[in-house]
Amino acid sequence: MVKINKFQITPEDQYQKEEILEIHLQLFSILRDKLPPELKGRTVIQLTAGSTLKDLLIELDIYRRVAISVNDAQERDHSRTLKDGDKVKIFTSVGGG
Amino acid sequence: MAHGYHGKILHIDLTAGKFSVEEPGEDFYRKYLGGSALALHYLLKDMPPGADPLGPENILVLALSVVTGASISGQSRLTAAAKSPLTGAIGDSQGGGFFPAELKHAGFDALVIKGKSPKPVYLWIHDGEYELRDAAHIWGSITGEAEQTIREDLGDKKIQVMQIGPAGENAVRFAGIFSNTNRANGRTGMGAVMGSKNLKAVAVRGKLRPSIADKTRLSTLAKWGAANLADSDIAGMAKYGTNETTGSNQNSGTLPTYNYNSGVFDGWEKIDGPTMYDTVLKGAAEGKQDRVGRDTCFACTVRCKRVVEIKEGPYKVDPQYGGPEYETTSTFGSYCAIDDLAAICKANETCNKYGMDSISCGATISWAYEAFNEGKLTLEDTDGLDLSWGNAESMVKLTEKIAKREGFGDLLAEGSERAAKKIGRGTEEYLITFKGQEAPAHMPRVKRSLAVIYAVNPFGADHQSHEHDPVIEDDFEYYKERLGVLGFSAGVETRSLNREKIRFTVATQRLYSAMDSLNLCQFVFGPAWQLYGPDDIVELVQAVTGWEDFSYADIENVGERRINMMRMFNAREGFDRQQDLVPEKLFKPLKGGASDGWKLDKDEVEGALDTYFELSGWDVKSGIPTAEKLEELGLAWTAK
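Chains A and B supply the protein sequences, listed in that same order.
Quick note: the first sequence uses our numbering, first residue 1, plus one each step.
Quick note: the second sequence uses our numbering, first residue 1, plus one each step.
Chain A with its partners taken away, still in its complex shape:
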């Protein structure tokens, strides 16, 4: 996996590792296109401690209707605060035929 670090992590931050969350991210369907194709939607993303699911969606520029699971359990509350090591899956969701 490739770590994508979209934040400016300063040398001071690096000595404060507990301030950084590593989120194991998997994006499905058209959301995969937000990452390089070879990743097939999987990556590890770093966020600052205290970040929520909503923050994650904003960081990923996701504004469409989505469904989310955190650690393989459905999560509807986008204000949920993330923890280091959380596995987050983000799906698009429309009717199937």
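All the pointers check out, no bait thrown in.
The calculated label-pair distances, taken between Cβ atoms and stated as ranges, are:
1. A:Lys87 to B:Ala553: 47 to 57 Å
2. B:Asn498 to A:Lys87: 31 to 41 Å
3. B:Met1 to A:Arg42: 54 to 64 Å
In silico DSBU-like cross-links for lysine-lysine, where the CA-CA straight-line distance does not exceed 35 Å:
4. B:Lys447 to A:Lys54
5. B:Lys480 to A:Lys83
6. A:Lys54 to B:Lys480
7. A:Lys40 to B:Lys447
FYI, nobody ran anything at the bench for these hints, they're computed from the structure.
Backbone N, C-alpha and C fix where the C-beta goes; we use that ideal spot for every residue, glycine too.
Here the structure of chain A is known, so what remains is to put chain B in place on it, guided by the hints.
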């Protein structure tokens, strides 16, 4: 002058081998718009009650709409309707591709097919001319072979063919009618009806395009759709197929598993849309799947169809037969706890080669799997096939045996409800049928208005007869503008079956009913997440037909008319509220995942049905339209 349609209905008497052309006026087309509603007109007017669905008195209508063939995404679809050999009630299905537009170009709006040919024939329609041709040499052919032979016979590779496969000839009760060898008018057994008439195929070709009232308006609407597809909610479905939804259904506990006993499946990721895209779509190995692994319908820019090619291994798949949709990867996959995507694609290929509804076929097989795993079916019953959960090889073999009506397959070809009645041993406990039709992969214990629709829908369980709950629940804010056109200004409590939820159910049922009369693709047009919304449907009809006074009220009116016509058809066949039943299994809890413990409540469902009948303007006790409602809709004649 008519725009968008010909004003010509071709009547075919297969018994006598004769034709006639009816030319209804504009009022007829305004009253029905086409498709399903138009078909019901003939089924009610010309078919006697009590007709044998597989006998010559049954009537098969293949109907286009006033907008079929217009140059915009999502309109090239056709309705097939008749009395269903699976349910004994009205049968109805829609399918897409290129055939519908070509039938319009061949010069007719609908085909009303009566009687039974004394020998196998196919119908050839070209530029307003028509004839019956001998089909003895293709009777028994799989769809790919029959299509090729017909094109060679007639000397034109561009002829479009709609046909039955051997399953329809064998009267498999859920046989479908297929075009392009992989576009299915799948549900309710319309293929068996066509086979009972000794009609193998309809071949069409032509250049008789009806005029469009306002080409500029149509073009503007079409271009808007193409420009906005990438940002729309269906962008994912376009690229990854309808089973892009597998993951989100797993997430919310509504992915049917173990024959509807659970809503979660450990193997879901092996059978979802992205995995299909990465592995089995044609061109995937070279990274060309986006170009050669996707297909489309006439004039449609969405390109949502799958093209699967598997050259190695035990389950080789010919790309001619397309690839599975979400329903198919569920019914042959999670329903049977099977996570072998190649096997699922093989079963899909079999359905398309032999002409069967993959939903009823897979769900009938999953009924058998549950019965076997509960010890109610033995190896002796199943011709030695081990139906342990997850056994892909048996599922693939059984699919072909059903198509050919061989051994145990002959019993399953009757559908799960008849099979359970014949076997007994308590196997009826495992049924997930509504009016005898197997439930699709959208679960009423999770999306609860489905319980109402599956129960009341005149042609049995159908997931494409209304809009599902999430858009009026947690997701309302995303869609409030479009839902406002239908009269909704607020969401409702999640998973409720309150009055407002039922009002939503009725309103969206009418819209979907109208869309099945306009034969519109329900991914391209709809009330919420679709590419185009309700106002755009009005714009489409106005632009094509020139009916400037056409409004959303007219859409609702036609939708309501069609539902009432279906209800009256069923009433003549002895159906009323007593057949609007939910199978017992759904009153038992689901196991595992987000929907663990969820079940339906009988009193709540009955209360919801009461509200549904009341809001529909029907007698609540019988579920039959009242005389006042029929009068209002111009349907008093259907009560006679």
